[in-house]
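Novice: Following the hints, position chains A and U against chain Y.
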Amino acid sequence: MVSQQIVNGLMLGSIYMLVAVAFTLAIGVLNFLNFSIPGLFMVGGMAAYGGVKLGLHWSLAFAGALALAALISLAVERLAYRPMQGGDPEAPLVSSLGFLVLLENLMLIRYGSDQQAFPPLLADMNLRIGDLVIGMAQLASLALSIALVVWLSWFLSATNSGRRIRTVAESGETAVLLGVNMSSLAPRLFVGSAMLAATAGILFAVNYQQVSPFMGEGVGFKGVAAMIVGGMGSIWGAVLGGLLIGMIEVLSISVIGANVVNITVYGLLLLILILRPQGLIGRPPSREKL
Amino acid sequence: MTAKSAQRSVALSITGLSKSFAGVRAIDNLSFEVPEGRAVALIGPNGAGKTTVFNMVSGVYPVDCGTIAVNGVDVTHMPSRKRIAAGVARSFQNIRLMAHLSVLDNLLVGQHRRNASIAAMLTPYRLVPSHRWKREALQALAESGLEAYAKENVGALPYGVRKRIDLVRATLAGANVLMLDEPAAGLNPTETNALRGDLQALKARGLTLLVVEHDMHFVDSVCENVVVLNFGQKIAEGPLSTVRQDRLVREAYLGVEEEA
Amino acid sequence: MSGYLTGVLVTLSFNIIAAYAVYLPIAAGQLNLGIAGFMAIGAYAAAFLTNEMSWPIWAAVLVSAGLAGSVGLMIGLPVLRTHGIYLAMATFALGQVISAVFLNLEVVGGAAGYPVAAYAPPNIVFAAAAGVVGFMLLLSTTRFALYLTAVKSDPTVADLLGVSVRGIQAAAFTLGAMVAGFGGALYAHHYSFIEAQHFNVMLSVFPVLYVLFGGTQTVLGPLVGALFFTLAPEWLRASAEWRYALFALFIILFMAARPQGLVTMSLFRLFGRRKPQVTT
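As you go down the protein sequences, you meet chains Y, A and U in turn.
Residues in the first sequence are numbered consecutively from 16, following our numbering.
Residues in the second sequence are numbered consecutively from 11, following our numbering.
Residues in the third sequence are numbered consecutively from 19, following our numbering.
Just chain Y, same shape as in the assembly (with noise of 0.2 Å):
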């Protein structure tokens, strides 16, 4: 039974975990804390839906939506992020958000605000290892975050255009003096952490076969979460903090019941910032000068 609590944990910890990631490439290397990912994620998720109910096969489904959300994260980075640029840094907080609420509202006016059974698409495959049930969905989403994460983390340390984000993470004005163009590598980092969210939606509406157009906020605030307790700005940190926090959402509700989730999640989160402000792996800020 416990074990599978665990892999539970472990199957929601890794849609946190990608959320997690695209929340912390845009923050770490960016410096822009995007509350639209939760839309993006909503968008992946319903698109797929959409596509599928329209008869498409799931893979292009899949592939429209993937699409949708990186032209939706473009515009974002067109009219949220690069207006905000050297203004309050709350600013940008306001438009990304307000994307989040236009992306909600589009879905509702096409698809109503109840939730919508996603069809199952590998419904009966099922690994059996004692009392333990694993759905082939379930192990191949696994697989697929965890390849994606492992694919990120070697791409960002291995190849040229890696090493110029990692510039932009470490000092944005130094960056910019050693050539790298951030008005060119900007919209290809908003493509990706669309890209990663989305996943993490379409993800979540095979495993749980279910969707709707407010699916993005919990997932996506608890993603928030586990980016700060893993440690902000950290691929691993990430990883470490979407598994952490998948755990202790399903052990909380399977040991106490759902409604002490928020108490023992966000309890956790708050614990960490008072604690460890730099998360369970970050660093910590460096001191200005004057």
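Be aware that one or more of the hints could be misleading.
Only part of the chain Y face toward chain U is listed, based on derived beta-carbon distances under 10 Å [unchecked claim]:
hint, residue
1, 21
2, 22
3, 25
4, 83
5, 86
6, 89
7, 90
8, 91
9, 98
10, 106
11, 124
12, 182
13, 281
If you anchor each label on the Cβ, the simulated ranges turn out as follows [unchecked claim]:
hint, chain 1, residue 1, chain 2, residue 2, range
14, Y, 70, U, 29, 24 to 30 Å
15, A, 132, U, 122, 36 to 42 Å
16, A, 140, U, 122, 44 to 50 Å
Hints were generated in silico from the structure; no laboratory data involved.
Note that this is a predicted model, so its numbers are computed, not measured.
In this text, a Cβ means the ideal position worked out from N, Cα and C, and glycines have one as well.
Specialist: Structure of chains A and U alone, referenced to chain Y:
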């Protein structure tokens, strides 16, 4: 010189001060004194550690070892916020006026040290026409001939004007020791003259000045003494004319433009 | 007054109170994303006092506001050690934890919600909102308000000028929590029913939008932001289902054009200077 300073009390005294950043000695066993009412310049090549000294005296950086005393009070471990009450205020190399506040409001924040009670904080002074706080700040501005800028937003003002307003703000706390970080840098000759006038007026009021400055003509016209730093160590001290002849000082400045 | 108009104005009043609760800490450079938690404390405490202790509404509301403020101070002190985005997330987590605690607190109804017997009519709500605005306007004429901006603008220099940065921030955070608790307490007594699910993330986030949209540089920004956010969707009522989408689109385009918000210092100066030019 020693005979003279013995007659005056010491306003700022630095003894055996050291500071390292990531293993590199930025300040190495530095000692000097600024007598009450005098102006001393802290000079040296870029990276010699001048601003680091300011940052330790004002409490932005903790010291590794050594002591700092202001008006005879040991402030070495005093929180930065309380040092202005001990009597030391400063200006900033890269002017740090508050961008969203007007010139007048910046000066009102500068008065805080003398109006720090809860009652003062909650007085609706803006409702009182020409409240004494506003009058006082305007008068300080007028003394530097800057009263026309009182209502302006600081962000829009010319560099030289902002620099001098930064100085006026530093004087409003009522501290008797002022540390000025490159006050003349970036000023045109007219503004430099105006600044010289400002500083001489402050000296006439009995204030003690510690100035970091590269313009040696300016130093010569304002400061009685200089302390020369190189790689965090004091290599010379005394009147500028004497120090100029020093071999170590000449070597330190070799390759760096020096006005003779 | 028609029922519809009264309803809109009551919503407006609560939005204005919430906006000022967020404005106080934002003016000092702290983004509070957990204001709903303090509203919940005010709402539940006041409802408990009138329901179970038979207190009069006014006393219950004031004491609950004070209680929300004290909780804000107690939790705020450790939370305020963090800065920027960390502080925003800490307050966000705090808001979530507080409303989840009420979800599990059976003495005030738990997940089933908590009916409130005593009733505060619309006029009381209007007067309360007017009172909060008046209080904020008065506060904006003090050194305290000046220091809020100073601390936000440059905390290092404010500290070197002798201003207690943590003291000012803690005071702003506490006052904000108090105003939020005040609003929550009134909310409970006007709508006669509260449930923990109401005090969710969006309830915390929307007032932040009002304030950032209206602009944080002046005391009028939150008022204008709350007015706009409450009334504009009402005007868009004709296109019922599109209104929030259109509204969100407008916000995005507006912020792209004017990131500093609607009401700014330079706006005042612009008008202040134009007038004499026109007359001469």
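Novice: Each hint: holds or not?
Specialist: We went through each hint and held it up to the structure:
1. For residue 21(Y), the suggested interface contact is broken, since its CB lies about 24 Å from the closest CB of chain U, more than 10 Å.
2. Violation of the interface hint for residue 22(Y) is found here, the shortest Cβ-Cβ separation to chain U being roughly 26 Å, above the 10 Å cut-off.
3. For residue 25(Y), the suggested interface contact is broken, since its CB lies about 23 Å from the closest CB of chain U, more than 10 Å.
4. Evaluation of the residue 83(Y) hint against chain U yields a violated restraint, the C-beta minimum of about 16 Å exceeding 10 Å.
5. Interface hint status for residue 86(Y): violated, as the beta-carbon distance to the closest one in chain U is roughly 15 Å, over 10 Å.
6. Nearest Cβ of chain U to the Cβ of residue 89(Y): about 14 Å, over the 10 Å cut. The hint is violated.
7. Taking 10 Å as the C-beta cut-off, the interface hint given for residue 90(Y) holds, the closest approach to chain U being about 9 Å.
8. For residue 91(Y), the interface hint holds, the least distance from its beta-carbon to any beta-carbon of chain U being 9 Å, beneath 10 Å.
9. For residue 98(Y), the shortest C-beta to C-beta distance to chain U is roughly 4 Å, which falls under 10 Å, so the interface hint holds.
10. Given the 10 Å rule on beta carbons, the hint for residue 106(Y) holds: about 4 Å separates it from the nearest Cβ of chain U.
11. This hint holds: residue 124(Y) has a C-beta 5 Å from the nearest C-beta of chain U, less than the 10 Å allowed.
12. Residue-level restraint check for residue 182(Y) is violated (minimum Cβ-Cβ distance to chain U is 21 Å; threshold 10 Å).
13. Because the smallest distance between the Cβ of residue 281(Y) and any Cβ of chain U comes to about 4 Å, under 10 Å, the interface hint for this residue holds.
14. About 43 Å separates the C-beta atoms of residue 70(Y) and residue 29(U), a value inconsistent with the hinted range of 24 to 30 Å.
15. At about 39 Å, the CB distance of residue 132(A) to residue 122(U) agrees with the hint of 36 to 42 Å.
16. The supplied range of 44 to 50 Å is broken by residue 140(A) and residue 122(U), whose beta-carbon atoms lie about 57 Å from each other.
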